[in-house]
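Protein chains: 2
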Amino acid sequence: MVTIKDVAKLAGVSIATVSRVLNGYAHVRPEVREAVNKAIDSLGYRRNGLASSFRTQQSNIVGVLLRQQRTPFSSALAYAIETTMFDQSYRVLLCSTNGDADREEAYLETMLDMRVQGVIIRPSGTNARTVKQVKLLQERGISVAFVDMKPKIPAISSVVCDNFSGGYQGMRHLIELGHRKIGIVAGSVAQRGGSQDVGSERVRGIRQAAQDLATDVEIIFSPPFESASFDVGRETGAAMITGNPGMTAVFGTTDMLAIGVMHAAHSLGLELPRDLSILGYDGVLESAVTFPTLSTIAQPIHEMGQIAAMTLIDHMTSTSKSPRQVVLENTLIARASTIPLAD
Amino acid sequence: MVTIKDVAKLAGVSIATVSRVLNGYAHVRPEVREAVNKAIDSLGYRRNGLASSFRTQQSNIVGVLLRQQRTPFSSALAYAIETTMFDQSYRVLLCSTNGDADREEAYLETMLDMRVQGVIIRPSGTNARTVKQVKLLQERGISVAFVDMKPKIPAISSVVCDNFSGGYQGMRHLIELGHRKIGIVAGSVAQRGGSQDVGSERVRGIRQAAQDLATDVEIIFSPPFESASFDVGRETGAAMITGNPGMTAVFGTTDMLAIGVMHAAHSLGLELPRDLSILGYDGVLESAVTFPTLSTIAQPIHEMGQIAAMTLIDHMTSTSKSPRQVVLENTLIARASTIPLAD
DNA sequence: GCTTGTATTGAAAACGTTTACAAGATAGCG
DNA sequence: CGCTATCTTGTAAACGTTTTCAATACAAGC
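Just so you know, the sequences run in chain order V and S. Be aware that the first sequence starts at -8, since it is given in this note's numbering, and climbs by one per residue. Be aware that the second sequence starts at -8, since it is given in this note's numbering, and climbs by one per residue.
Calculated directly from the structure, the hints in this document are not laboratory data.
Below, a list of computed lysine-lysine pairs in the DSBU-like style, where the Cα atoms sit at most 30 Å apart:
#1 K123/S with K141/S
#2 K126/S with K29/V
#3 K(-4)/V with K126/S
#4 K29/S with K126/V
#5 K29/S with K0/S
#6 K312/S with K143/S
#7 K123/V with K(-4)/S
#8 K126/V with K(-4)/S
This structure is a prediction, so every number in the text was calculated from the model and none was measured.
Model the full structure from these sequences, guided by the hints.
And the structure:
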């Protein structure tokens, strides 16, 4: 393996000078710089990344800690972060914890060991453990940014969507279409209202809209559940439809939930969207391929990832570590699954 | 930061002994080992991963090079690889090239720089560039495994499904249901028949089944296209349906293509599955949530990832580098979208 | 008791880079 | 021309670990 020494010898300079050229420092005579570059090319030298990382005690790697990876939302987010980081010449260590605490801890240790420069976290909830871990990271000088969750700890940057407004918009859409008896399929945490949670925000927005925009709106909540999956959507959807005859619309706080409801409706012989309007949340690719195509409150997922990445990079490179809270807007995509109430 | 020196001092031994304890070597007296471990605990020492990687010139990182990441198939595969690697205490550097050659090259350079121990590649095709890059990796002593593509170069391990058999099974399913005029939606490469490509294999299987199992089967190929997306499926599907009145079934060589066709059928007012049976390929999660649920030839995606990971680990750890070619079976999942031909 | 072998330990080198420091060269200025 | 400031370069230390080598201690065998 050809090292900096070989380059120095061939170019007739010291290794310090080669290093200076490599790192683009000033105070190198142009002709010397030239000679060094020629030597590098002719030897096919590549800097030993391990040595360099070791010496400086930092890698150009950032960790991305996701609680899940297989969901459309997560993988879109991961992709956005990864490509943005790549363009800024950072590399991404992807860590799917799958909700497993041990795994999360092991990954955080790996990140500390590897001296990652920063970490982007989509937390499962702002519990004590997460707080402790984040503190540990920050003590070690590692920048942290949250994505898709506003941190309770004020010292952390975050990128979230305005889920309250999203919920509000969705509800307004349904109310404006004339719906008055509306089912809400939302997870347990959301209904309990742990206020930092994105789901809770959505539900708050839904409640507020119902209160603001019409006096005669009836909201029917699904029984609480833990995971916002297709299967859950189908099961609770079926129960809601059979249990609430006059219900004309359902708002799922996740596209996958809404798609599950859609399925339940199909199975029960309802014709969509005539017999039931269905609204989702997320704007995941899959929402565009259902039948009928799903109206949804779309999140700018790619933008979220991009901004999270750029925010983290800011923190890592600038000396001022003042945290930044970014809030993005969700927008309604009205497709085929929501129609005016027939009177 | 507490180093091995501090531990040595506290335990009253040399750093060599501490290192021996850390790496679990023999020839350390139990009481000394004990003392070192106590010192480690009381100081909260953690090995400096950068220093250790530098010294040994290898990290516990493996690269995973994927041409795309946002597709359900890719992200499921990535997830399987990542979790398997995690359990074996390897970490994954995820690299989505998105088909961009520059990006791919940059990522490969990163991997060389980081001295990754191995690389798993899902290649876009066995072109000259890929071959060159793989050779470069192998020269540097980095193990390589392919996934979802059989390599032309015999020296590389690979994990693929038997796509010929999958195509055959799918076609048999449709023929057994009585269908005789069957549309095939397949990409351009597949139709041209570059034999290593998974799509081509599927088409070969389809052709063979048609020839073996019935004398009167009529196959209608879609016009060739490049990307196997939902949109392409919808467009070509619409054209096929309107252009071929007697056609009673469509086989898409990808679930997303098939879902696109499903959409086209809906838009054209067909009732599914009564008017048209549709069969997909991949067994992606999304195929279970369409309406009607999509019959498909399922790939054991998780298993593919797992086996690819284990195969790579084998190569990295054992001295015998004999390549291994693993072929897995696809299985038909008959759901609601394919029904017997009404006569 | 002497030799030989083995278990245990420490001293020190090495990995390839970055960087603090010093020294030499050059230019600017009076 | 001499002095100072700036530019350019090299020497050498340092980063924290692993690993080679030698040294010591101890036991076994005669």
